Amino acid sequence: MSEPKESSRRVVITGLGVISSLGLGKEAFWESLKRGVSGIREITRFEPSLNGSRLGAEVRDFNPKDFLAASKVRRLDRVSQMAAAAARLAYEDARLPDSPQEREGVGVILGSGLSGLISTESFFRSLLDLGPSGANPMLFPNTVPNAPASQIAIEMGFKGPNVTLSHKEVSGENAIAYACDLIRYGKADILLAGAVDELCQLLHFSYWRLGALSPHRRSEEEICCPFDLRRNGLILGEGAGIVVLEDASHALSRGAPLYQEVAGWGMSGSPCRVSDYEEGGEPLARAMSLALEMGGVGPEELPQISACANSSPGLDLMEVRAIQRIWGAKAGSISVSALKSMLGEFHSCGGLRVVASVLSLKHQWIPPTINYQVPDPACNLDFVPNVGRPGDFGSVLVNGSSNGGSHISLLLRRFIE
Amino acid sequence: MEKELPPTWEGDEGEIIEERQGQVMDGSLEDKQRRVLITGIGVVSALGHSKDAFWEGISGGRCGIDRVTLFDVSGYRSQYGAEVKDLEPEKQLSRRILKRMSRCDQMGFIAASEALEDSGLRWEGIDRTRFGVIVGAGAGGMSSAELFYEDYHRKGPNSAHPILIFPTPPNVVTDWIALEHDLRGPRSTVVTACSSSATSIGYAADMIRFGRTDLMLAGGSDAMCRLTFSGFNSLRALDEVPCRPFDAERKGISLGEGAAFLLLEELERAVGRRARIYGEFAGYGISCDAYHMTAPDSKGEGAVKAMTSALADARLSPEEVDYVNALGTGTQYNDLVETLAIKTVFGDKAYRLPISSTKSMVGHCLGSAGSIEAAATLLALYHQMIPPTIHYEHRDSQCDLDYVPNEARKRMVQVALSNSFAFGGNNTCIVLKRFAVEAEREEARV
Chain A
1 MSEPKESSRR
11 VVITGLGVIS
21 SLGLGKEAFW
31 ESLKRGVSGI
41 REITRFEPSL
51 NGSRLGAEVR
61 DFNPKDFLAA
71 SKVRRLDRVS
81 QMAAAAARLA
91 YEDARLPDSP
101 QEREGVGVIL
111 GSGLSGLIST
121 ESFFRSLLDL
131 GPSGANPMLF
141 PNTVPNAPAS
151 QIAIEMGFKG
161 PNVTLSHKEV
171 SGENAIAYAC
181 DLIRYGKADI
191 LLAGAVDELC
201 QLLHFSYWRL
211 GALSPHRRSE
221 EEICCPFDLR
231 RNGLILGEGA
241 GIVVLEDASH
251 ALSRGAPLYQ
261 EVAGWGMSGS
271 PCRVSDYEEG
281 GEPLARAMSL
291 ALEMGGVGPE
301 ELPQISACAN
311 SSPGLDLMEV
321 RAIQRIWGAK
331 AGSISVSALK
341 SMLGEFHSCG
351 GLRVVASVLS
361 LKHQWIPPTI
371 NYQVPDPACN
381 LDFVPNVGRP
391 GDFGSVLVNG
401 SSNGGSHISL
411 LLRRFIE
Chain B
1 MEKELPPTWE
11 GDEGEIIEER
21 QGQVMDGSLE
31 DKQRRVLITG
41 IGVVSALGHS
51 KDAFWEGISG
61 GRCGIDRVTL
71 FDVSGYRSQY
81 GAEVKDLEPE
91 KQLSRRILKR
101 MSRCDQMGFI
111 AASEALEDSG
121 LRWEGIDRTR
131 FGVIVGAGAG
141 GMSSAELFYE
151 DYHRKGPNSA
161 HPILIFPTPP
171 NVVTDWIALE
181 HDLRGPRSTV
191 VTACSSSATS
201 IGYAADMIRF
211 GRTDLMLAGG
221 SDAMCRLTFS
231 GFNSLRALDE
241 VPCRPFDAER
251 KGISLGEGAA
261 FLLLEELERA
271 VGRRARIYGE
281 FAGYGISCDA
291 YHMTAPDSKG
301 EGAVKAMTSA
311 LADARLSPEE
321 VDYVNALGTG
331 TQYNDLVETL
341 AIKTVFGDKA
351 YRLPISSTKS
361 MVGHCLGSAG
371 SIEAAATLLA
381 LYHQMIPPTI
391 HYEHRDSQCD
401 LDYVPNEARK
411 RMVQVALSNS
421 FAFGGNNTCI
431 VLKRFAVEAE
441 REEARV
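Chains as they are written, first to last, in the working numbering: chain A, 1 to 417; chain B, 1 to 446.
Certain hints may be false.
[What the hints assert, rightly or not] Computed footprint of chain A on chain B, listed as stretches where at least three residues anywhere in the stretch have a Cβ under 8 Å from a Cβ of chain A: (1) 156-169; (2) 198-206; (3) 224-230; (4) 290-296.
The set of hints was computed from the structure by calculation and includes no laboratory data.
Predicted, not measured: the structure shown is a model, and the values here were computed from it.
Glycine is no exception: its CB is placed at the ideal position from the N, C-alpha and C atoms.
Using the sequences and the hints given, assemble the complete structure.
Here it is in structure tokens:
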């Protein structure tokens, strides 16, 4: 079979946009990560007391009027507002020219788990309560999952490829991987890529009914502590993390601020039950290997790892096994940090974790896995417990795994011309 | 007007394009692409539960749109929709699995399995890590989630059964297909409303073109549900009779449901195993109107860009296109804008180009529309016959192209486009072309 030659185009990150539970904008976000501050607190936006779980990583102090015109604020629901705000921050951060002509070629590839679930719920409730003629037509456009990406395009005048992907907890990683494909293979020069999701009562309740939330039993502590022996389920979060991806030569020619290169990305699947994580770690290891191979990182170079561990017993153990599969005895020398200990878990957390890894590489600083107190003998790696630290590393591997068996790994590397 | 075979099989395609466009194309990327053939098709639609029933239906101009029975539609502007009738998933799936699947998952699984079986693929020697699945979805498991929410809202949260929300996320159908067929390659789920499953096919083809995989199942599945039915009803977008695309008296869409999957296979592999080949995936283009959530921009600029970038990706010119499977939803505005966009892309040729909307027969299947229409287009290439636009009676002075009214037409089709333009201004166009092994061998010898 003929093997394709590699494309010469390289993908770099030139802008960062953040709306998160750890702050708005990349500076606030990074300060919190660096200090190991948790975004997880008592939920305030709705009453969670139906459930045993009361905690969540909510985006606080987000005033859409700081980012969008008042007319837009009215029309967009909150998830689209967060997406549009993060997109604007990323675009400005990349210092891209502010003319309509420049914007026309730009595309948006977004990941989102359930997008406008609040709008969907409101619309459906209006149907149940008032019948077909009472269903509110103003709400319906926000119920489609591609609404946030389309609203970004409308808001900013981006007429390039516009795609929304939804694949549970790897939605964000998937969006960035696809956007990288489109740039690498010459279908676009500039794409905004990332993910957005919002926390709401119905989602929180559903996760609880499906048995995924911490605490698993009433006697247990409600805590998000990836890799810790006490881990007993996830805590939900929300937010938007969007990066500007650009063809490297395009970025260099316009003198763009260069953060890092997305040097490799790998995707794999494993045949495990739709609600489960597979156990051995082989498929996630395969995704990591594909990303490392594509990025030209050999076994002697140890990347820093941004773990997908979310405090679920199965997922965290699987990830440890996957890392051990690749590096064997050397796995212990790798710094593995689980940022979901601060951000909580949500379908599109990958967007924010990629932003975090970009900043981590830039500042040569490894943010910690917080709430790590009781080591699990089965999870025996360096998890950068509780306190961040400076490091000396040239690449970061951002892992993503969803239950049901989808795995994506993205390799970020310092850009060297 | 009948047309001779276009000269695609003679001479060097690259040269033709360079001459035509008067510029030298960048040869750096195109040389590296592997080619992608379609070797299996599976369809579940209102016209039946197989690809053959689907083709028989659309080539015979049969209407699958009828009164909706899945839920109570009294009080709506329209009582019509294209439902999949007598779905019998228990023939293929155990009860244990079925109770965890939504209607969307069931239809998707059946269509994907048919595509696999249809391809005659044998599992020996197949590297399952290089075989993936990408699905375009719409409402996902909403038909189940609605039942959950109804109890949640009316009887109290704890009375709602959690198994109903299990299949809500749109990727669940993707994971079921991968699990049951043990596919270990990349997976993804595209959710761009009505263009989802056209984009999913494009993304899957890229996986093969750029060497990440050798085989992909790609398609879409979407089930009729109250959410979408009442949504389009609230926007006054439903026609009260079965939809009449491009007809002067058209008043809106008829919603449909169903699933279609294609087996995409790397060229040398497919030819090597002497697979039946429906056609070649030649390219795709994606654009965004950046205009309005529910209306296309008035000049159809986004649609034009999707078609022209798809043709550029396929390295084909508008002159080489023989058929367009239209978006053709049946709303006044969409059909007009699509007609304008086709005129912009094809110039005078637009009037000589057969264009049809298979939505007139299977309804608008939203998340799976792109894949169902890709299947229709491939079958048109394979059978050299163009399916019609039915319910076409009154000529619209502004929609004045050849919409292949009411009866299928036997005709040479070498290259065809399939348009999928969505809510939110998300446009995707895919280009499919006929593939003849002999002609390719001939070319290789030259």
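Of the hints stated earlier, which fail here? none
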